[in-house]
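Peer 1: Letter by letter, the chains look like this.
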Amino acid sequence: MELDVILLSRLQFALTIMFHYIFPPLTIGMAIVLVYLEGMYLWTRQEIYEVAAKFWVKIFAINFALGVASGIVMEFQFGTNWATYSRFVGDVFGSALAAEGIFAFFLESVFLAVLVFGWDRVSPRFHFVATIMVALGSIFSSIWIVVANSWQHTPAGSHIVPILRDGEPWIIDGVTQTRAEIVDFWALIFNPSFGHRIVHVWIGCFIVGAFFVLSISAWYLLRGKHVEFAQRSFTGALMLATVASLAALVSGHFQAKTVYQYQPAKLAAFEGHFDTGPAALSLLGWPDQAAQRMRFDLAVPGGLSFLVHERFDEPVVGLDQFRLEDQPPVLVPYFSYRLMVAVGMGLIALTLLASWLRWRGVLYERRWLLWVFVLAILPAMFANHAGWVAAEVGRQPWVVQSPVQRNDDGTLAVGAEGVFVYDEGQGLRTADAVSPAVSAGQVLGSLVTFGAIYVLLGGVWLYVLNYKIQTGPEPITRPARYLGWRDLFSFLRRKEHKPPGDASES
Amino acid sequence: MELDLNLIWFVLLGVLIAGYMVLDGFDLGVGVLHPLARTDHERRISLNSIGPLWDGNEVWLVTFVGALFAAFPEAYATVFSGLYNAFMLLLLALIFRAVSIEFRSKIQHRRWRSICDWSFFGASLIIPLIIGVAGANIMLGMPLDERGEFIGSTVDLLTPYALLVGLFTVALVMMHGAIYLCLKTEGAYRRRMRRWAWHCFGVFLTLYLLTTIFTLMMLPQATANFHDHPWGVVVVVLGVLAIANIPRCLHHGRMGQAFASSGVAILVFVCLLAAATFPNIVASAPRPEHSLTIYSAASSPTTLTIMLIIAGLGMPFVIGYTVVIYWTFRGKVRLDEHSY
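Top line first, the protein sequences correspond to chains A and B.
Count along the first sequence from 1, then add 583; that gives the number in our numbering.
Count along the second sequence from 1, then add 204; that gives the number in our numbering.
Hints listed in this document are in silico derivations from the structure and should not be mistaken for laboratory results.
Where a beta carbon is used, it is the ideal one built from N, C-alpha and C, also for glycine.
Any given hint might turn out to be false.
Unchecked claim - Mimicking DSS-like on lysine-lysine, the simulated pairs with C-alpha atoms at most 25 angstroms apart in a straight line are:
no.	chain 1	residue 1	chain 2	residue 2
1	B	K536	B	K310
2	B	K310	A	K808
3	A	K641	A	K808
4	A	K641	A	K1051
5	B	K310	A	K637
6	A	K637	A	K840
7	B	K310	A	K1051
8	B	K536	A	K641
9	A	K1051	A	K808
10	A	K637	A	K1051
11	A	K641	B	K310
Stated by the list, open to error - So, partial list: chain A residues that the calculated Cβ filter (under 7 angstroms) puts toward chain B:
no.	residue
12	F659
13	G662
14	S678
15	L680
16	A682
17	I685
18	S706
19	P707
20	D767
21	E948
22	R949
23	W951
24	A1014
25	D1015
26	S1018
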C-alpha cells in the first residue's frame, strides 16, 4: 500500500492537537476559578478559600505541565510537517504565534512558579497578583492562537502576492511563488470570524473547567469526604456551568451564521445540506456524499432556513453549488457537529435541573444526579473536541480558505455551470501544504511514536490526577461561614477577621 | 539612516536563542549532572534548584521558534522540515523532560522515580546535543534546492564536525549547570558539585579547543565576516577572557562570578555562530546560490515592523518579571511541602 504523506501528516496533526486540547480548556477554565478563590480569601480571610486554592493549584499545575509538554509539539509541527504552508503563511500566522510567545507564554510560565512554589515565599497579595497573571496569560494565549486560526478560515487584513527576488516575482519552473503578507494588522486580528469564535472557545473552556470542578466535587460529596469544601466548590462551579452552557447555545447560533456568510460549504457540511433551496434542519440522518443526498433523515422542515435567515422558506446554499473536489467531507463534520450540539443541549438541561434542585436545597440528596456530574466532564470535553473537528474538517479542502464571492443580493456568485469556482490564487489547499522534504515513512514513524507516548502520558496524567484527588484538600481547622453584607466592608476591619495563628501572612 | 529591519531581526533572534542557552542552559546542565546526585534527597535538591525556573526558561526557545517563523518563515520551514527526524527527537526529549520534572515527586514509588530521573537525564543530554548538531549544519550548509527545500538525508547531517559541536554544546551546559548547582546547594553535595565543576571545565576546554581548530580548518567562511568587520575580534577576546576567568573563580570559590563568566561565554558562542553564518541564515552547500539569507528568507517589511513593535512592547515586561521571579526564588534550595 502506498503511504500518503498528506493523510499521515493530517492524522499526526489531528492526534497532537486533540491531545493538546485536553489541557488548555482545563487551565483556562480553572485559572478563573483560582482567581475567584484567592480573591475571596484576600477579601474575607476565610481559611476555606485558602485550602481550596491550594488544592486546585495542585491540580492546575498537573494539567498545565501536560499542556506545555504537548503544546510545544504544535509550534514545531507547522515547520516540520507543513513547510509549504509555513512559507505561505509565515508573514501572517507566524506573527500571531510569536506574539503568543512574547505576550502569553512568558506570563503564564513565569508566574506559575509563584503559584506553585511561592506559597511560603511571597505575600498572599503577591500570590493573588501572580494568579491573575497566569489567568491573563492563558486568556492572551487563546486570543492569539484563535486569531491565527480564524484568519485561516476568514482571511482579512492580508493579501496574497508574488514573492520577490531582486525586485522581480520569483518564478520556478514557470510557477510564480506566492505568499500571504500583512496589509492591515488590526483587520487581521479582528478578521470576520474571530469575535464569534473566541467567545465560543472561551465558553467551551469555562464549561470544561466548571465540569472538571463539578466532577471532583460531586465525587467527594458521594464519598462524604471534604463535604464543606465540595459543597462550596460545587455551587460555584454549577453557577459558572449553567451560565456558560446557556451562553454556548447563543454564541454558537451567531457563529454558525458567520460560517454561513463566509464559508457556506462548511455550514452545508455541518448540516448535511446538499440541495440549494429552502432547507430543513436535519436532526439525525446519514449523509451520503457520493449520492449527494441525506439518507434516513429525520428533519424539521424549514428549520435551517429559519436559523440562517429567520424565515422558513428562504433558500440556503447547499453543497450542490460546489464542485465535488471543492466540497469538504460531509460525514465527519456532520456527526461531530451533531455530537457537540446534542451534548450542549444535554448540559443545559442538566445544569438547569441541578440549579433548580440546589435552589430548593435538595440537590445533595440526589445521589444519581451527583453520579451524572462525576461523569459529565467526559461529554463536556468531547463536545469541545467535536466542535473543533467540525470547524477544521469543514474548512477542507482548504488549509487557508479561498474566499467565496457573493452577488449584490447575497446569493453565491455561481458560474455558468451553476457552481461556485474558487480563485485558486487566493487560498492554499491542504494537499499542497505539506513538507516536500519529508517522506511518508518519516511521518509514519513520528505518528506511531507520538501515539504511543500520548497513551503513556495520558495514563500518567490520570494516575497522578487520581492520586491528588484521593489525597484531597487539607482539612479545614476553622469552620467557614457564608458571606453576609458585612463582608463587603471587611477590608476596613481586616484585623478583626484575621483568624488567630494565621501563619501565611508573615 | 534607514533601519535594516532584517538585520535587527537577525540580532533579535540571536538575543532570544542566547537567552535560551544562558537560562535553560543551566537547567539542562543540572539534568545532565542529575545521575551524580546520590540520594533521593539530593535528587530533589537538584530538581528544585531549577523547579520554579525551568519552565519560564524554556519559553525562550518557544518564543525563538515563533519569532523565527514570523520573521524568517523560509528558514523556519527549511530547517524544521529538513531536520525532521532530529526535531522529532528534540520534541520527544522536551516532552519527556517536562513530564519527568513535573511528575517525578508526585508519585511515591522507587521505580517510578528512577524512571523519571533517567528520562530527565537523557532528555537533558539530547536537547543540547541536537541544538549543537543543528547549529553546526546551519554553519556548514545543507543541500538545498532552488526553492530552499532540503534535498539530503538525515544521516548525512551527522558529520564528525557536527557531532563535535553537539558534544561541545553538552559540555558547555554541563559546566554552566555545575556552577549553578554550586550556587544553589550546600554541604557535601556542594563540595562534590564543585569538584565536578572542575571536571566539566576540563572537558569543556578540551572540546572548545578542538571545535575552534576544526572550525578554522573546515569553515573558512566562518571567519570571513571578521575581515570586513575587524572590530568583531573584541567578541572573541571577550570570550577567551570569560573562559579564562572561570577556573580563577572556581579556585577562589566565587561562584556568582563563575556563573556570570560561563553565561558570557555562551553569549559569545551565539555571537560566533551568528558571525559564521551572516548574511546567510541557512547556508546551502554544495550550491551556495541557494542559501537563505536574512533578506531572501524574511517576511515583508510591514510584518517585520509590526513584530518589532510587539517585541518592543512585550520584552521589557518579560525581562522585568523574569528578574522578579529569579529574585523571589534566590538563595539556596529549601525543600518544603510545595516542592517537587
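Peer 1: Each hint: holds or not?
Peer 2: Checked hints:
1. B:K536 <-> B:K310: Holds - the C-alpha atoms of B:K310 and B:K536 are around 22 angstroms apart, at most 25 angstroms.
2. B:K310 <-> A:K808: 22 angstroms, holds
3. A:K641 <-> A:K808: Holds - the C-alpha atoms of A:K808 and A:K641 are around 18 angstroms apart, at most 25 angstroms.
4. A:K641 <-> A:K1051: 8 angstroms, holds
5. B:K310 <-> A:K637: Between B:K310 and A:K637 the Cα gap is close to 15 angstroms, so the pair holds against 25 angstroms.
6. A:K637 <-> A:K840: The hint is violated at about 42 angstroms.
7. B:K310 <-> A:K1051: Distance ~9 angstroms between B:K310 and A:K1051 Cα, so the pair holds.
8. B:K536 <-> A:K641: 24 angstroms, holds
9. A:K1051 <-> A:K808: Holds, at roughly 14 angstroms.
10. A:K637 <-> A:K1051: 12 angstroms, holds
11. A:K641 <-> B:K310: 10 angstroms, holds
12. F659: With Cβ-Cβ at 6 angstroms, under 7 angstroms, it holds.
13. G662: With Cβ-Cβ at 3 angstroms, under 7 angstroms, it holds.
14. S678: Interface hint status for A:S678: holds (5 angstroms vs cutoff 7 angstroms).
15. L680: 4 angstroms, holds
16. A682: A:A682 check passes; min Cβ-Cβ to chain B is 5 angstroms, inside 7 angstroms.
17. I685: 4 angstroms, holds
18. S706: Status violated, d = 11 angstroms.
19. P707: Hint violated; A:P707 Cβ to chain B Cβ min 14 angstroms, cut 7 angstroms.
20. D767: Status violated, d = 9 angstroms.
21. E948: Constraint on A:E948 not satisfied, violated at 35 angstroms.
22. R949: The hint is violated - A:R949 has no Cβ within 7 angstroms of chain B, the shortest such distance being about 34 angstroms.
23. W951: 33 angstroms, violated
24. A1014: 16 angstroms, violated
25. D1015: 13 angstroms, violated
26. S1018: OK, holds: A:S1018 within 7 angstroms of chain B, min 4 angstroms.
Checked against the numbered hints given earlier, the structure breaks hints 6, 18, 19, 20, 21, 22, 23, 24, 25 and satisfies all the rest.
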